[in-house]
Structure formats: C-alpha cells, structure tokens
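Undergrad: Residue numbers (numbering that gives the first Met the number 0), protein chains in the order written: chain A, 0 to 333; chain B, 0 to 333.
A few of these clues could be false.
Which copy is meant is left open, so a pair is good if it fits within one copy or across any two.
Pairs of lysine-lysine residues, derived as DSSO-like cross-links and limited to a Cα-Cα distance of at most 27 Å, are as follows [as the list claims (entries may be wrong)]:
no. : residue 1 : residue 2
1   : Lys-207   : Lys-253
2   : Lys-253   : Lys-142
3   : Lys-37    : Lys-162
4   : Lys-146   : Lys-253
5   : Lys-77    : Lys-207
6   : Lys-77    : Lys-56
Since the hints were derived computationally from the structure, they do not count as laboratory data.
Protein chains: 2
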Amino acid sequence: MKRIAIVGATGMVGRAFLEVLEEQNLPDCEYTLFASAKSAGSELDFGGRTYTVKELKEDSFDSGFDIALFSAGASISKTFAPIAAARGCVVIDNSSCWRMDPEVPLVVPEVNPEDAFENKGIIANPNCSTIQAVVALAPIHRKYGIKRIVYSTYQSVSGAGVKGWQDLENGARAFVEGCESELQKFPHPIFNNCLPHIDAFLENGYTKEEQKMVDETRKILHDQNIAITATTVRVPVFSAHSESINVELLRPYKLEEVRELLQNSEGVIVADDPQNNIYPLASTAAGTDEVYVGRLRRDESVENGLNMWVVSDNIRKGAATNAVQIALLLFKGR
Amino acid sequence: MKRIAIVGATGMVGRAFLEVLEEQNLPDCEYTLFASAKSAGSELDFGGRTYTVKELKEDSFDSGFDIALFSAGASISKTFAPIAAARGCVVIDNSSCWRMDPEVPLVVPEVNPEDAFENKGIIANPNCSTIQAVVALAPIHRKYGIKRIVYSTYQSVSGAGVKGWQDLENGARAFVEGCESELQKFPHPIFNNCLPHIDAFLENGYTKEEQKMVDETRKILHDQNIAITATTVRVPVFSAHSESINVELLRPYKLEEVRELLQNSEGVIVADDPQNNIYPLASTAAGTDEVYVGRLRRDESVENGLNMWVVSDNIRKGAATNAVQIALLLFKGR
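Taking the hints into account, I'd like the entire structure generated from these sequences.
TA: Right, dumping it as structure tokens:
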C-alpha cells in the first residue's frame, strides 16, 4: 500500500493530478487531498469515491506518506515541502521554488529519469514550457549536440490558473454578447490579443518565464554550454502551449534522421505532413499526454540550423502527467 | 486633379484603402472604384459621397488614371497591372505577384522611399508581416548591420480576408453559445488554436509566407547577405500582427542607443516599460498606422544579439496605409 498526498488538490493542476491518477488507476494506493483553509472541506470525486479536502497544516505529513504531489504555489512549497521530506515522504513539487536548487533534481522522465533517484526528499517538476521543449530536444541533443536555442512561445491561459481561464472565457463572451468584461488575472485583455508577458519581469528585461526556459533547459539536459534565449507569450488559447523552436546543432544532421529519431522517441508524436495540413496543434494536443513535433525543416540561415513547432498540453504533460510519471518512476525503481 | 483607381475596393484591404484615403483627405483627387463582376454595382460611401463599384475590365484604364491601388489577389494583378501601366498609370500593387520581380521596386516609405521613383509603372507593396519588421529593423541595420534574423510571427485573421475574420468570429460565437461552427477559410479551427500555416507550403517545408519574409526583407533592405529564417503562425486575434524578432548584429551595440534610435525613427512607437506593463499589443496597434516596438533586450546567447517584440495593424500599415504612403510619395516627388 502506497500513501499519496495531493497538495493543492482544488487548483487547476491539482484537479489534473486527480484526472491523470484516475486514468493510470495505480494499484494499492491510498490518497489524501489537501488545500488551503479556504478550500478545505470541499468535496472532490475521484476514483469512484468522494474525498473531503483537508486543510494543509504543519502536522499534515505526520501520518506518513510515500509521495506528495505539490501544486499550491512557491510559498506553500517553500514551507511545507521540507516538512514533508523530513517525515520521509518524497515531494514532487510543481512550483518554481526548488527547481534551480543544486540539491534538488529537476526531472522529465523521458529525458533524465536517473536524476529522480538522487533526490533528498524533494524532486522538482519543471516549468510547463520547458518540459515539452526538452522532450523534443533531448534526443537531438544526445545525437548531434545543441549549440544554441531561440524559443518563441504561444502559451495557453490554463497556465495562469482558473482566473486566467476565466479572463479568456469572459472576454469571448463579452465579444459575442457585446458587453464588457472585467479582468481577474491579466494586466490586459487576453481575448483577441497576445501578451508578451508571462510571470514577473526581471532587471535584465526578461520575464521569469523566459529565464526559467533558459536555466531549466540547461539543468535538465545537463549542459551549461547550450546558448539559449526565449520570448514567452500568452495567447488566447485555453489549453496546450505551442512553441516555435529554432536550434543550431553542433554537428551536421540529415532531416530524415531527425524525423526518425523523434518518431522513435518516448513521449513524442511526430505530426509533420504539411501538404495534408498535418502539423502540431493546440486543439489536438489538449487533453493528451504527448509532445507533438512538426514543421521540421532545415534553417539555411545558419550552419546545422533546424526549425520545429512543438505543442503539448501544459496542464497534462507540462505539469500533472509529468509529476505522476515521476511518481511511477520512483515506485518502479531503477 | 489626380485620378485614382481602387481595384478590389470591396475587399478587406480595399475598404481600408478608402478609410485611409478618407482620413488623409487628399486635395484634388478623383476616385473610381473597381471590383470583380460579382461585386460590381454595389455601393460604397467614401469621402461624403456614394460610389457605385464598377466591374474591372480590360478597358477600365483607358480613361487615364494617375495611380491605381490594387488589392484583388495575385492573378488579377498579373493580368491588369501591366494593362494599367501601359496606359500611363502607376500601379501600387498589394499582391505578391510582382514583389520579387527585379524590374519592380518593393517599397516601404520609411525604409527605401527612393526605390519608388525607379518604377516602370508597377510598384509592389510588401507582405504585411515584412513591412512592420523592416520598419523596426532598417534603422538598426543602417547603424550596426544585421547578420541574421529569426522571425516567429503571431498573425491576425484579418490577413486572411473576410472569411478568415468570420472563422474566428463564428468560432467565438460557437464557443459561447455552445453550438457548432463551420470553417470557411482555415483548414483547422482558429478560435482557441494557433495554426503554423500561412499561405501554401513549398517543397522545402516552408510556407510561402515564411519565404516572403526572407526574400522581401533582403530586397527592401538592399542586402542579400542577411541570413534569415521564419516561422509564421496564425493566432486567434482579429487585427494586428505581433512578431518575436531575434536579431544578430554585425557590430556591437548599446541597448540604450538602439532604444533612442528607434524612438527617433519615422513610423515607430517605442512601447517598452515592462515594469508598468507597457509593451506592444495587438489591442493597442489595431486601427493605427504605427509600428510598435518593445521588449527590447540583449540576447546573451550570441554575440551582438537583440530580442524585440514588434506589433502593427496588418491591414493598415501592413497593407493600405503603406500603399497610400507610396502614392503620397509619388505625388510629392523626390
């Protein structure tokens, strides 16, 4: 019997944890759901039974959990992940809090599964936009080496939580019904707009989201020499992030080899038949666990250049699915 | 008295020609509106009077026009632009038909106005996504030299004409009202989606739109040595294209110098105060004639690297405004 805690169970990623766990139908697992005092007491249906959400407290982990899946924001993770870890539980944390801590492995199971076993009680789940990128890039990096990456993202509102989702839904409704809508999350309307602003701005002019893509890609691929830059943009899409990825490889490649390599890569679906209008789309990826790669073509503007278009559901593979996959990896062992 | 013909007057760009001409209120101009047989006979209000749209025919230009603004698609331009030019009229053509013809100047008035006077009866108006990019890039190219450009675009549906606009509008309505909508223009839903597919696919895996950005940027900037690659994407926005532009300069630059250079550039508005949530937005640019530049920041992943976010109304500066500005340039003379 494994005991699993879900922290932040009522949030968007928390609910996706439950959805993915229900689909996986793990044998011999027992679940306890936690949330803030505000959401405690609410009921959630999961795996054929109804759970009452408990309030997260300092003693919540005293009863002994094997795994805790956290998605309740960085400040909750900062306080409670060490408490849980000290009680012998392995925390798989979806916040940005621990990701760049040298003591904490940052894991994408298709890319660096071995790192998960080096944990000291906390494993970080990477940023959504980074996860899908490295699933597509890791096989290419292993074979040809990556010199430089230019990321431009097209990120969905589900990454901004329930209020982000509502801003788009209310914006669409206001447009259709000819009324006004008030924003709850974004500083500007997201319906009928693209916002080059995800997370807070840093001193260097980049957003935290852009900096995460740079730092986390290097950490997951175990290569601090990869030159990376990013522009991250929120677009009026509910689910699934799309990414325009321009890559410069260290060694020459054949396009057909890259395609074959990706076709044989775990977690990747190559959707690349443009003449028949087949390429990765948010509408295809939403609700699924795979990373879709297409628009593969040689970039003639630089030596060994490659362009690709990468799409995945940011709440599933970009958060909940990846965390559950890490848990399964730990259960299975090396 | 100048005589001006508007060809394709009932289309989306045609109507924008009228809107811009009305705002400019040119003295001593007389207008004749043309469209296909299907739209001929319809009435358009413009400059305080009502015009009956005439059918475009081989003898339409016999009566002697000074300028003809064409936006009726490449096949109409191919047939009728030479006919008009042979009658002594200067055609300013918004289609892709003549752009790469070495005999035809491709003009953005802020960038290469002198080229307009080298015309042999036809001047091409560049592709919308290229116009806004070169307005932002030309001052930088003049001062520092551009080595390489990586474009990723976020293009609005108005670039796909009335049917593209309706696909987004109907998609939003279907979402809000919980019904189905049928697509008229795009191969996949554009509401709640990003389509990495603008114009037809070429043998090399690029779309024509991507190839246009490469070829037209070089032609307008008079520099075949600039290395360029592009990924062009349709997003669920009605008006104004956004662009993530990554540039590698030939010579070192200071970020503050670039900002000042752009602030002093014709047709450019620098919107770049991220700490106060100020950056270029489609919602700000729509309906205006300027090119908005922001998110200016050093790209540390390459020598002399620079990232920028460039937004402009694709139907105004990206099409109608640019064409009218070319006409004004011709009227004014060198």
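Undergrad: With reference to the structure, classify each hint as holding or not holding.
TA: Hints and how they fare:
1. Lys-207 <-> Lys-253: between (35 Å within a copy, 23 Å between copies)
2. Lys-253 <-> Lys-142: within (11 Å within a copy, 37 Å between copies)
3. Lys-37 <-> Lys-162: Classified as within; 16 Å inside a copy, 47 Å across copies.
4. Lys-146 <-> Lys-253: Answer is both; intra-copy 17 Å and inter-copy 25 Å each pass.
5. Lys-77 <-> Lys-207: So Lys-77 and Lys-207 pass the 27 Å test inside one copy only (18 Å; across, 50 Å).
6. Lys-77 <-> Lys-56: For Lys-77 and Lys-56, the Cα distance is within 27 Å only inside one copy (13 Å; across copies 74 Å).
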